[in-house]
Every structure is written in structure tokens, then in C-alpha cells.
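Q: Here is how the chains run, residue by residue.
2 protein chains.
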Amino acid sequence: MAEKLKIGLLGLGTVGSGVPLILEEHKEKISQITGMDIEISKALVRNEERMAYHAGRFNFELVDDFDEILNDDEIQIVVELIGKIEPAKSYISKALENGKHVVTANKDLLAQYGSKLVSLAQGNHVDLYFEGSVAGGIPILRTIANSLAADSIQKVYGIVNGTTNYMLTQMISESKSYDDALKEAQELGFAESDPTNDVDGIDAAYKMVILSQFAFGMNITVDQVEIKGIRDISVDDVKMAQNLGYEIKLIGSSELCDDSISVEVSPMFIPKTHPLATVRNESNAVYINSQGVGNSMYYGPGAGAKPTATSVVSDIITIAKNIKMGTVGHRFNAFKFQTKITKDNSVFSKYYFSVELPDVYGQMLQLAKIFTESGVSFEQIVQHKSEKENARIIIITHSASKCQIKRVVYELSNTDGFKVLSQYKVFGE
Amino acid sequence: MAEKLKIGLLGLGTVGSGVPLILEEHKEKISQITGMDIEISKALVRNEERMAYHAGRFNFELVDDFDEILNDDEIQIVVELIGKIEPAKSYISKALENGKHVVTANKDLLAQYGSKLVSLAQGNHVDLYFEGSVAGGIPILRTIANSLAADSIQKVYGIVNGTTNYMLTQMISESKSYDDALKEAQELGFAESDPTNDVDGIDAAYKMVILSQFAFGMNITVDQVEIKGIRDISVDDVKMAQNLGYEIKLIGSSELCDDSISVEVSPMFIPKTHPLATVRNESNAVYINSQGVGNSMYYGPGAGAKPTATSVVSDIITIAKNIKMGTVGHRFNAFKFQTKITKDNSVFSKYYFSVELPDVYGQMLQLAKIFTESGVSFEQIVQHKSEKENARIIIITHSASKCQIKRVVYELSNTDGFKVLSQYKVFGE
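Here the protein sequences come in this chain order: S and B.
Read in order, the letters of the first sequence correspond to residues 1 to 429 in our numbering.
Read in order, the letters of the second sequence correspond to residues 1 to 429 in our numbering.
Don't read these hints as lab results, they were simulated from the structure.
Remember, it's a predicted structure, so these values are computed and weren't measured experimentally.
Please note that the accuracy of each hint is not assured.
Which copy is meant is left open, because identical chains are indistinguishable; a pair holds if it fits in one copy or across any two.
[What the hints assert, rightly or not] Lysine-lysine pairs mimicking DSS-like chemistry, simulated, CA-CA at most 25 Å apart:
| hint | residue 1 | residue 2 |
| --- | --- | --- |
| 1 | K6 | K272 |
| 2 | K27 | K324 |
| 3 | K272 | K176 |
| 4 | K272 | K369 |
| 5 | K272 | K239 |
| 6 | K116 | K29 |
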């Protein structure tokens with residue numbers, strides 16, 4: 001009979017309920033790979049009501065006190081799927097301190113306290129894995145940690161928030177307004193009743209913090225990420241992007257410049273022929289540019305019970321193998337580098353501008369002057385037929401620094417009658 | 001000072017020359033991850049001429065006798081990058097028998113003798129890794145082996161031959177003929193002077209044999225793969241695909257049906273909105289459908305010195321870690337299952353037909369009768385204006401079994417005046 005490996009599960013929500021199912025479904029394969037029978041022995045549920053709801057649904061014990069898991073010496077792995085900061089943070093810390101390995105998919109927690117928890121795990125010679133925290137079913141952290149070990153990553157572009165990608169896809173292909181798209185995403189259960197974290201790019205920023213740690217070995221904080229969400233994207237912008245051969249996507253980017261990185265979340269124009277442009281609805285993808293491999297992309301479901309639970313179980317299997325081979329206590333990502341943020345004058349991109357200006361003599365010259373004096377040149381200009389007394393000019397710039405673009409925006413905003421309707425980054429290699 | 005890990009390199013061709021470069025470039029990172037200084041100590045070159053050519057280019061010893069590597073006890077890893085069957089097979093076998101770990105990117109060898117070599121490695125408690133053998137820079141084998149361990153793969157669709165994908169892209173976007181596209185691929189160095197292995201789908205079949213082993217744990221042979229290359233694709237087919245909203249790609253497919261698999265290489269119509277449709281030129285991609293994760297895709301360069309050398313070095317790093325942790329001798333892919341091939345009546349797909357038939361009364365009825373009597377129904381029909389006395393009918397069928405399609409083709413070919421101009425699979429989920 002194979003050795004038994006017992007797990008304590010924290011949380012039986014959507015993903016939590018998926019874990020026992022996946023373990024059961026792939027029992028034979030998992031035991032073949034790890035040489036162990038992995039089973040959940042106890043699960044923590046929030047209160048009596050949930051306890052009553054789950055009673056009889058699973059063949060493991062339900063407990064409402066974390067200590068029953070913490071002090072159970074037979075439990076070697078704690079799987080945290082409660083989410084948010086507390087009590088998840090305390091539970092994980094105590095489990096690690098008590099010599100238990102931990103698997104979690106908690107991006108909020110990892111983005112804010114990841115480096116502390118990683119150190120705590122190392123100090124206690126136990127494993128901490130969290131593949132499910134970024135891009136649900138896509139094994140992106142493992143891929144970066146293992147397969148790109150012999151490579152130097154230069155850029156990471158991610159569509160890492162399924163809700164906003166779903167909304168943008170609907171705005172593009174079904175010509176829906178932002179509000180209608182949001183309502184639909186909420187009805188389908190993608191967006192929460194308070195959609196702030198998704199639409200304002202905060203969720204994506206958490207994921208970029210974790211991705212940056214793996215890609216560049218640097219520990220940045222969320223407030224070092226420049227964040228712009230999708231609230232202000234108009235149907236007009238979407239149409240204009242289409243006409244110019246682009247799709248608007250909410251992109252998290254992390255780029256290396258010499259020995260520093262710049263991390264940003266913002267809507268971006270992606271050329272239709274680019275692989276990122278075909279990432280539709282709630283799908284996620286991470287596009288990587290690296291010295292050795294060149295361009296690669298990893299595409300899959302960004303969330304959902306089954307994909308995320310599958311990532312969680314693959315972490316459990318990794319730990320099971322480590323236990324079997326006596327190799328626990330190594331960091332998920334061994335790569336470390338001094339954290340440095342690139343200055344705005346060294347961060348370059350192409351940009352899209354939509355500018356409203358008075359339709360009178362000399363205004364176009366004025367506009368051109370503002371861009372030129374900031375050293376920003378035009379790749380493409382489209383002037384629309386005037387509506388009433390105002391003209392609308394669409395500009396796609398050549399690559400310019402963030403400093404230069406900020407100067408342009410400042411000057412435009414301080415010129416009488418000029419109004420910057422929108423301004424987005426444009427993907428260009 | 002860090003421990004030294006010495007490598008014997010076989011072959012200093014395009015990929016072979018890349019390996020020392022990658023090792024040198026990422027020296028610091030590699031030593032941080034593995035705790036070892038990895039260096040090439042000897043390289044085998046073919047003859048005196050090559051020896052003279054490489055003299056002084058590298059800081060390791062050049063040898064022309066394999067025994068100098070085989071009998072060097074300081075060399076722990078042999079990296080084989082000669083290609084083809086012999087002498088690669090003998091060298092690898094001897095190295096494994098002599099207790100040396102082996103890294104190779106030799107798809108021909110692995111597709112034909114993979115299971116023997118894997119057993120030999122296991123029997124000698126050494127490692128055998130070959131990430132570079134499939135889809136160059138894409139870490140697809142590792143991903144399947146590790147991250148999808150907790151999942152059940154149902155289907156694998158791969159664009160795994162860069163040469164043919166380059167040619168098809170040129171035929172589609174530049175309206176080039178097959179011959180012009182081939183000539184260009186040869187001039188660019190993608191296609192060899194004898195392009196048989198690429199254009200007839202044999203190279204792709206080798207890769208599907210290896211992918212099937214990882215995805216389904218089954219050891220199939222190349223002659224169990226049904227292979228159809230791209231030689232017969234006409235500019236007409238390419239245009240018709242475009243008009244109907246598809247791109248033609250050479251797809252290697254491996255599908256599970258209950259406990260058996262069917263493996264095939266053939267041109268396939270891919271909907272333009274599908275991620276596989278944006279895989280252009282020499283890029284590769286592997287699209288996986290699995291129970292847990294759902295649909296995922298792994299995209300990147302399919303060949304080239306740097307991407308493949310990067311995969312080779314990532315294998316070296318894996319072995320270095322295994323040596324450090326004392327965990328060598330485990331199979332790259334631990335998943336095993338009894339090999340079974342699905343019967344043709346259980347393999348389903350949609351199909352595209354282009355049929356020429358006499359433009360006279362009653363022929364369309366005759367055509368419809370042939371499909372209907374085989375139980376194949378139509379999803380889409382386009383009749384073209386007649387040229388001279390013949391009409392051309394384009395059909396896309398609903399999903400039908402391979403048996404049914406074979407019957408349709410047989411009946412059409414045996415009907416006076418009917419001619420099947422082309423017939424391809426159509427991707428549909």
C-alpha cells in the first residue's frame with residue numbers, strides 16, 4: 001500500500017470545493033507519479049451554516065477551528081483557499097512555523113506579503129507554492145522558474161484579469177457599452193458586485209507584482225506599479241482601435257531596462273495580428289520576450305474553479321515529490337536580484353492620443369508644435385470630420401519616453417480649447 | 001568556490017555552438033540557481049576540417065574521438081546535438097551505460113528509440129532529458145510532465161513544424177504558390193535542400209510521437225501516425241479557406257477516446273478567431289484541451305540555434321539540480337499507460353471538401369445522396385460559377401467519423417465525372 005499524504009484544506013468555496021474533486025478524479029495518475037495516496041483529512045469551514053451546508057458532501061472531517069488542522073501532526077500540507085489578507089495570513093504563517101508545507105492561490109496576500117512568507121517558509125525548511133495565484137490554469141510561474149532558468153527575460157506582457165478582458169471583448173465584438181459589459185460580467189459571475197479591484201486594474205497589478213518577482217527576481221510593491229484601469233474606455237476608442245487595426249486590451253507589463261524594471265497596468269492597443277489579440281473573453285495569457293527563446297506566449301483560462309483547483313493540485317503533487325525525494329524547503333523561485341525601478345525617462349512606448357481641438361485656423365500647427373517640442377514624432381494621424389465647432393484628431397506616436405508623453409499631456413491640457421479625450425499605450429516591438 | 005559540473009558536448013553545429021554561449025551568458029544566474037559552476041570541458045567534432053574551423057573559438061578541448069568523452073570520469077553530462085540516428089544512438093547508449101546523464105534534442109532518435117533509451121537511463125540510474133526535441137524554445141514537455149500532472153489531457157493540437165508553417169503563412173498572406181514558398185524557405189535556411197521530412201509531415205509526426213508519450217503515457221510508433229503533408233495544397237484551397245473564415249495550418253493532432261488515442265498529421269482549417277490561427281511564419285504552438293484546465297496554448301519559436309540551445313541548457317540545469325539534491329534517475333515523464341490506437345469509426349472531425357462535378361442536371365442530387373448515405377451531413381455548401389462544363393462545389397461537413405469520410409471519398413472517386421480536388425480536416429470544438 002502506498003504511503004499516505006494528508007492535507008488540511010482551508011476554505012470550501014468555488015476553488016476549495018474543486019480540490020477534492022480533482023484529487024479524486026486523478027487519484028490513480030497522481031499515485032503513479034508521486035508514489036503516494038494524497039487525501040484531504042480535514043477542511044476548515046467558516047461557520048455553522050456552511051458546516052451544515054457541506055455536511056455529508058465530502059468524505060473528510062469538517063472543522064470550524066483552525067487549530068484542529070494546525071495541531072494535527074498527520075497533516076503535512078495546508079491548502080489555503082480563503083482569500084484576502086486575514087485570517088489567511090495568520091493561518092499560513094502559523095502552518096509554516098509549525099513545519100507544514102503550504103499551497104495557496106491568494107494573489108492579494110502574495111503581492112503584499114509574499115517575500116515575508118517565502119522567507120518564513122525557507123526559515124522553517126518547508127515548501128510554499130502558489131501557481132494558482134496568477135492566471136488560474138496557466139502554469140506560468142513554474143514555467144518561468146524552471147524552463148526560463150537558462151534565459152534572460154526582457155519583457156512580460158500579461159492579460160491577467162479575466163473580468164476586464166471579458167468586458168473589453170464584449171465591447172469590441174458586440175459593440176456593448178462599458179456599463180452593459182460590466183452588468184453582463186456581473187450576471188455571469190466574473191465580476192463582483194464591487195468591481196473596483198478588477199476594472200481599476202488592482203487585481204492585475206497584484207499579479208504583475210508576483211510575475212515580476214519570478215521574471216526578474218525583484219520584490220516590488222503594489223504602489224510601485226503605475227495603474228490605469230478600463231473605466232474610461234469609450235465605445236469611440238474601441239471603434240477607433242478597430243479601424244486602425246488594433247484591439248484594446250488591459251495589459252500588465254513588466255520590462256527590464258539595464259538593471260531596473262518598470263511595471264505598469266494599463267489599457268493598450270494590440271495589433272490584430274499579434275497573438276495577444278486573439279485572447280478573448282475570460283481567457284488569460286502571458287507573453288514573454290527573452291534573450292534566448294525570443295517571443296513566447298502561455299494562454300489559458302484565467303480563473304474558474306476547475307483550472308485554479310488543477311493548479312493547486314499540481315502544487316500539491318510537486319510538494320509530494322519533494323517530500324518523497326527529501327528535497328523540501330527550496331524556494332519556488334530561486335532567482336534573486338536587487339530591486340530597482342526604472343526612471344520615467346527610460347521607459348519607452350508608442351502611444352495613441354485622441355485630442356479634441358477648436359476647428360479653426362492654426363490649431364493643427366499648434367498641436368504639432370507641442371508634440372515636436374517634447375521630441376515626440378507621429379507614426380499615424382487621422383483627422384475626423386468636425387462635429388460642431390470642434391475637430392477630433394487621432395495620433396499614434398513613434399516610441400517615446402514616459403517623461404516625454406507626460407510633458408505632451410501637460411502642454412495639451414494647458415492649451416486653450418485643447419482636450420485630451422484619451423491616451424493609451426500602443427504595443428510595438 | 002562552487003562545485004564544478006563538467007559537460008561533454010557532441011556536435012558543434014548551429015545548436016551545438018549555441019550551448020556554450022548560453023551557458024556563458026547566464027553563468028551567474030545558473031550558478032545562483034544550481035549552486036554549481038557548469039562548464040563544457042570537451043566537445044566532439046566530426047573531422048579535421050571542422051576541428052581546424054573551430055580551433056581557438058572556444059575555451060574547451062576539441063576531440064574527434066567519442067571515447068575521450070565517454071572515458072573522462074569528470075564529465076557527468078553528455079549533450080548530444082549531432083542529430084539523426086547513428087552514431088547519435090550508440091553514443092547516447094554508451095554514455096547512459098557509463099553512468100553519464102544525457103541531454104539531447106534529437107527528435108528522430110527519440111521518436112524511434114525513445115522508450116528504449118528511457119529504459120536504459122532508468123536501468124543505469126541516470127537522467128535523460130530532451131525538451132529541445134519538440135517545439136524548440138517552448139517548454140512543452142516539462143509543462144505536460146509537471147503542471148498538467150493533476151489533469152487529464154483529452155486533445156493535443158500542435159503546429160510543430162516551423163518550415164511548413166512558414167510556407168503556409170507566405171501562401172496565405174503573400175498569395176505565394178507552394179513552389180515559391182518552398183524556394184523562399186530554403187533560401188532563408190528553414191527548409192533543407194531535400195524538404196521531404198518537413199513538407200510530407202514526417203518531422204511533425206516524430207514530434208507527435210513524443211508529445212503523445214507525454215500527454216497520454218503511450219508509446220506509439222511513427223507508422224501508427226496517419227500522415228498527410230502540404231504538397232497538394234493549392235492557392236485555390238488557401239483562398240477558399242480565407243473566404244470561409246479559416247487559415248490552413250499543418251496540424252499534428254493526438255486525441256484520446258476512452259482508453260485509446262488517434263494520432264494524425266494533416267493540413268487543417270483553423271477558424272481565424274482561434275489562437276492557433278495567429279501562429280505565423282516559423283513559430284510553433286501546442287494547443288491542449290484537458291479536463292481540469294480546459295483549453296491552453298503554448299506558443300514560441302519552433303527552432304533556431306538560441307531557442308533550442310536555451311531548452312538544452314534548461315535540461316542541463318534540471319540535471320544539475322537533481323545531482324545536487326541526489327534525485328537523479330527518475331523518468332522525465334513518469335506517466336505510463338497501455339498503448340492503444342482508436343479505430344477509425346471512433347475518430348471524429350469536421351471536413352472540408354472541394355469537389356469537381358459535371359455541370360448537368362441531377363449531379364447535385366447525386367452528390368448529396370453520396371454524403372447522406374454515408375451518414376455525413378453538411379454545415380456549409382458553396383457552389384462556384386461553372387468553368388467550362390464543370391462545376392465546383394465546396395462543402396464543410398458536420399462532425400463525421402474517419403470511416404464515414406473514407407466511404408464518401410471512395411464513392412465520390414467511383415462516380416463518373418466526379419473528382420475530389422481536395423479534402424481537409426476542419427477544426428471545431
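Q: Which constraints among the numbered hints does this structure fail? Numbers only, ascending.
A: Hints 1, 4 contradicted; others consistent.
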